[in-house]
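J.: With chain S's structure known, arrange chain P on it following the hints.
2 protein chains.
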Amino acid sequence: MYADFLSKKLSDAGADEGCMLNVTVAGKTYKGVLMPHHEFSGQDIIILKMKSGYNIGIRLDESSQIEVVSRPVERVKPETAEETKKGLKTIVLIGTGGTIASYVDYRTGAVHPALSTSDMINAVPEIKEIANIKANVLFSIFSENMTVPHWQQLAKAIADELNNGADAVIVPHGTDTMGYTAAAVAFMLGDVSKPVIFVGAQRSSDRPSSDASSNLMAAARFCVNGNRAGVFVVMHDGSGDDVFAVHNGTRVRKMHTSRRDAFKSINVPPVALVDRAGKITFNCDGRPVSKDRVEVRSDMCQDVVLLQFYPGMDPVLFRDIFMKSKGVVISGSGLGHVNSNMVPLIKEAVDNGTIVVITSQCLNGRTNLNVYNTGRDMLNAGAITVMDMLPETAYAKLMWALANTKSTEAAKGVMKTPLAGEMSDRRVML
Amino acid sequence: MYADFLSKKLSDAGADEGCMLNVTVAGKTYKGVLMPHHEFSGQDIIILKMKSGYNIGIRLDESSQIEVVSRPVERVKPETAEETKKGLKTIVLIGTGGTIASYVDYRTGAVHPALSTSDMINAVPEIKEIANIKANVLFSIFSENMTVPHWQQLAKAIADELNNGADAVIVPHGTDTMGYTAAAVAFMLGDVSKPVIFVGAQRSSDRPSSDASSNLMAAARFCVNGNRAGVFVVMHDGSGDDVFAVHNGTRVRKMHTSRRDAFKSINVPPVALVDRAGKITFNCDGRPVSKDRVEVRSDMCQDVVLLQFYPGMDPVLFRDIFMKSKGVVISGSGLGHVNSNMVPLIKEAVDNGTIVVITSQCLNGRTNLNVYNTGRDMLNAGAITVMDMLPETAYAKLMWALANTKSTEAAKGVMKTPLAGEMSDRRVML
Chain S
0 MYADFLSKKL
10 SDAGADEGCM
20 LNVTVAGKTY
30 KGVLMPHHEF
40 SGQDIIILKM
50 KSGYNIGIRL
60 DESSQIEVVS
70 RPVERVKPET
80 AEETKKGLKT
90 IVLIGTGGTI
100 ASYVDYRTGA
110 VHPALSTSDM
120 INAVPEIKEI
130 ANIKANVLFS
140 IFSENMTVPH
150 WQQLAKAIAD
160 ELNNGADAVI
170 VPHGTDTMGY
180 TAAAVAFMLG
190 DVSKPVIFVG
200 AQRSSDRPSS
210 DASSNLMAAA
220 RFCVNGNRAG
230 VFVVMHDGSG
240 DDVFAVHNGT
250 RVRKMHTSRR
260 DAFKSINVPP
270 VALVDRAGKI
280 TFNCDGRPVS
290 KDRVEVRSDM
300 CQDVVLLQFY
310 PGMDPVLFRD
320 IFMKSKGVVI
330 SGSGLGHVNS
340 NMVPLIKEAV
350 DNGTIVVITS
360 QCLNGRTNLN
370 VYNTGRDMLN
380 AGAITVMDML
390 PETAYAKLMW
400 ALANTKSTEA
410 AKGVMKTPLA
420 GEMSDRRVML
Chain P
0 MYADFLSKKL
10 SDAGADEGCM
20 LNVTVAGKTY
30 KGVLMPHHEF
40 SGQDIIILKM
50 KSGYNIGIRL
60 DESSQIEVVS
70 RPVERVKPET
80 AEETKKGLKT
90 IVLIGTGGTI
100 ASYVDYRTGA
110 VHPALSTSDM
120 INAVPEIKEI
130 ANIKANVLFS
140 IFSENMTVPH
150 WQQLAKAIAD
160 ELNNGADAVI
170 VPHGTDTMGY
180 TAAAVAFMLG
190 DVSKPVIFVG
200 AQRSSDRPSS
210 DASSNLMAAA
220 RFCVNGNRAG
230 VFVVMHDGSG
240 DDVFAVHNGT
250 RVRKMHTSRR
260 DAFKSINVPP
270 VALVDRAGKI
280 TFNCDGRPVS
290 KDRVEVRSDM
300 CQDVVLLQFY
310 PGMDPVLFRD
320 IFMKSKGVVI
330 SGSGLGHVNS
340 NMVPLIKEAV
350 DNGTIVVITS
360 QCLNGRTNLN
370 VYNTGRDMLN
380 AGAITVMDML
390 PETAYAKLMW
400 ALANTKSTEA
410 AKGVMKTPLA
420 GEMSDRRVML
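First to last, the protein sequences are chains S and P. Numbering follows numbering that gives the first Met the number 0, in which position 379 of the first sequence is assigned residue number 378; successive positions increment by one, without gaps. Numbering follows numbering that gives the first Met the number 0, in which position 355 of the second sequence is assigned residue number 354; successive positions increment by one, without gaps.
Some hints could be false.
A pair holds if it fits inside one copy or across any two, identical chains being indistinguishable in the list.
[What the hints assert, rightly or not] Only pairs whose alpha carbons sit at most 30 Å apart, straight line, appear in this in silico DSS-like list of lysine-lysine: (1) K88 with K346; (2) K346 with K323; (3) K30 with K7; (4) K85 with K133; (5) K325 with K346; (6) K88 with K278; (7) K84 with K50; (8) K133 with K50.
Hints are computed from structural coordinates only; laboratory data are not their basis. In this text the structure is predicted, and so the values were computed from the model without any measurement.
Same shape as in the complex, but just chain S:
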């Protein structure tokens, strides 16, 4: 609900949603398309979609002026029944929550999850010009609260949509753990035959410089024109505003707390770049889209932990965790090391049937336990390395490998076999 003064101003100007407006506040004029009002936004705030694609929130007062510049050829009609246009591909949005589906309450500053994914679509009207969009909300949580059951439910929902006619699925997701979820879903969906794209936002939709709409649009363009099957993450690339990166879901990591280009492909280039006009530039080969049925293997062993090695790490303190877990992923130092005191604990855990997987806290580069004595001791203790796999991806994969094999040795074999582009066979050149 807008404040009375603002409702009147909008009404007097004939300013409906979808109209291009000039809004003048304190001597400054903003030009943009009027977006739907969200119930959590302040009553004196209107949201304008700027030419750049960003939405900005503007606080108006009694002295502000609103002028209609033009009306949309086709009005934005929130909450109308979904229209299906022939010849367009069908993309299903499966909402999970997160900033991309959030609105700031300008009165308190708090961020609320959105109530409806259709709100999100209505904020990006141009997405309907390139695809038939269906949306459903699977859950609405901040991504730090995603758990293995959420991943499983999501993977099944994605497979169902793809097997029921969707040409692609886009998953709006909180950015905090989007990399973990993308990796987990990539292993669960295996050789998925169509694009599955995770997309987030670092600024909520009704904030100045929100990246929600532009990331969503870039993801949709890649779904429609990319002809590339797999699980991907699409977010801003670089600090500019014109290029979006398509990352392999098993190779991507959130590398900044707040920048719009926080997501980076690690150890590989992004799969592709998409510019604002929709032009796609691929950096690597991959699987084309096919009509194959999507099989989902969503079993996961939840007795897996992820630990960062640090100097002075005490095996006594961590013994219980090692002994109670079926899998331990360690992000070791440098080439993948732990201190010598930890090596007997690794051996004890391995002898107890635990799989200990070594990755590197350097994130970039590959592990190699054959260079130094510490590393060879770790190998002798039974630790395994996984080339240049990210610690977070190894965590998701180890859960999957333990649940989808019949023996510890088979699970180790799975860990060492690339399944979803998560590691490279290329030997390290020292």
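T.: Same frame as chain S, but now just chain P:
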């Protein structure tokens, strides 16, 4: 010891250490200065220092040819008594081990720690032209085995040398945990009045393309001409070979397992860049060198752990660690989050007197627990944030803060106060 055939070839050619040689093997000729032979190197290997500053190891056979191109004006004299030149500053090297002080055994491929830091100096004869160099080996371990007592011993040794006339201290150190040690020593030495520089190598001294000599030389140049007090890390900058980065010891992280430019300043630019000619370009202000006595406060509380949050992290599994620790550093997701299940454990630990410090696994950017409900719940539970401090630096600082204050509240205050450039006051712009 060289193999007999190789000793004879060197002797016949009159090729002493320090001579510029042309060495022809299998039709290819290498030009460089003959370096001392290390006992761990293969008997058929000679080490040449190339014009680029790199040392390469060349395996010779009976058919290889050695020709002396020129002799050094001043011969390299390994193991002679240290000479003191008037007018030059004094740099003390305090050896700790690591790749920079290591030699590969070409027979087995294993890397051995060096026996003597003077070996290292003798491999960089030009360092003696810019400073009087003294060297002692404090210990010789791989850095993954560094512990808090090693940090303490090292900080005291550095302070002793600086208070006994050294103008600077260079600490050759294994790269695996060099960032952690530099941060810990930075807090222990406080407002140290002279340069203390950690320097490592990603390739051992007798390997092709070793960066040991060039990193050491850049560190020495910064000591002599930088007029900047503090604790720094000097390593290659970028993939080229001409520029070296001087990092603040509390802001640096090993970000690649094997590249020579693995060390990156995070959230700040490097303090300075040093080119091969010794030209120093500063990126920020800092304290000039002074004659103040160096005070060392090396007390550390070792009951501190560093944990990475991950989706599904189980408070039951980690309860013991939280309750047994006086300090817990969590690298949370995004702005510093954990899942909602972990929040009661944070509260229980804080109520028990534990300090829980939140950093971000994104590494770049700053934490902010005021944006989302999860964050506010964490703050209400008693967790504290430390702006843009690295998780590893927070781990070292929390040990120091707990040992050098009289109350938990005072230690929290120390954590939130920049002491050694480890965090920025600037507010995040969302």
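J.: The structure should be examined with respect to each hint, and the outcome stated for every one.
T.: Right, here's what the structure says about each hint:
For a Cα distance limit of 30 Å, the shortest separation of K88 from K346 qualifies neither inside one copy, at 53 Å, nor across copies, at 50 Å. Taking identical chains as interchangeable, the C-alpha atoms of K346 and K323 lie at most 30 Å apart whether they share a chain (14 Å) or sit on different chains (24 Å). In the homo-oligomer, the alpha carbons of K30 and K7 lie at most 30 Å apart inside one protomer (19 Å), although the nearest pairing across protomers, at 84 Å, exceeds that limit. Taking the shortest Cα distances, K85 and K133 sit within 30 Å of each other inside one copy (14 Å), while across copies they are farther apart (80 Å).
In this assembly of identical chains, the alpha carbons of K325 and K346 lie at most 30 Å apart whether taken from the same copy (14 Å) or from different copies (28 Å). Taking identical chains as interchangeable, the C-alpha atoms of K88 and K278 lie at most 30 Å apart only when both belong to the same chain, with a minimum of 18 Å there against 59 Å between chains. With identical chains, the CA atoms of K84 and K50 are at most 30 Å apart within one copy only, with a shortest distance of 26 Å there and 68 Å across copies. For the homomeric pair K133 and K50, the shortest alpha-carbon distance inside one copy (25 Å) is at most 30 Å, but the shortest distance between copies (65 Å) is not.
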